[in-house]
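Its first residue numbered 61, the sequence shown is counted upward by one per residue in my numbering.
Since the hints were derived computationally from the structure, they do not count as laboratory data.
Every residue, glycine too, gets a C-beta built ideally from N, C-alpha and C.
Hints are not guaranteed to be accurate.
Taking lysine-lysine pairs in the DSS-like style, the calculated list, with each CA pair at most 25 Å apart, reads [claimed, not checked]: (1) Lys195 to Lys77; (2) Lys153 to Lys184; (3) Lys77 to Lys184.
Pairwise CB distance ranges (calculated) [claimed, not checked]: (4) Gly155 to Gly105: 18 to 24 Å; (5) Asp90 to Pro194: 27 to 33 Å; (6) Gly79 to Glu125: 32 to 38 Å; (7) Gly128 to Lys153: 27 to 33 Å.
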Amino acid sequence: MSVDSGSTSMAARLGIKPGMVVQELGWDEDADEDLRDSVVELSGGEMVDEDSDEVADVVLLWWREEDGDLIDALVDSIASLAEDGVVWLLVPKSGRPGHVEPGDVTEAAPTAGLQQTSSISAAKDWSGIRLVTPKAARSRR
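Construct all of the structure, not just a fragment, from the sequences and the given hints.
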């Protein structure tokens, strides 16, 4: 399947580059297929799931308010993350079913050992929140 350059730029905005290993967590039928296709196209490989033994350069975590404990999900998301890897927390935009309040992310991220760096409009119905492990924590790993 060929993705047009407009769709590929969706993945580029997430920092996806050819050859990167991208792990996808929390997929459900409401996930944005154009964004998923663009990630596969740009990275050059299928996304891996939570059962993979590969070290991920990027984790895409689809998350909705009713999905459970965000802290637990974030801790799980960094289990196979590369030392300099990035977690993109993908949440429904405001007004969409399953919307996650920004304060929930602000509280959960540091508890899970992550630091929020930026937010983008990742897809039509999804916002992306970029999370990284703080440099001090990386040096202790």
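Hint check results:
Using a Cα cut-off of 25 Å, the hinted pair Lys195 and Lys77 holds, with the two alpha carbons roughly 22 Å apart. The straight-line distance between the Cα atoms of Lys153 and Lys184 is roughly 8 Å, inside the 25 Å bound, and the hint therefore holds. Straight-line distance between C-alpha atoms of Lys77 and Lys184 comes to about 22 Å, which keeps the hinted pair within the 25 Å bound. The hint said 18 to 24 Å for the Cβ distance between Gly155 and Gly105, and at roughly 34 Å that hint is violated.
Range check, Asp90 to Pro194: about 31 Å between beta-carbon atoms, so the 27 to 33 Å window is met. For the pair Gly79 and Glu125, the beta carbons lie near 34 Å from each other, so the given range of 32 to 38 Å is met. The given range of 27 to 33 Å is broken by Gly128 and Lys153, whose C-beta atoms sit roughly 20 Å from each other.
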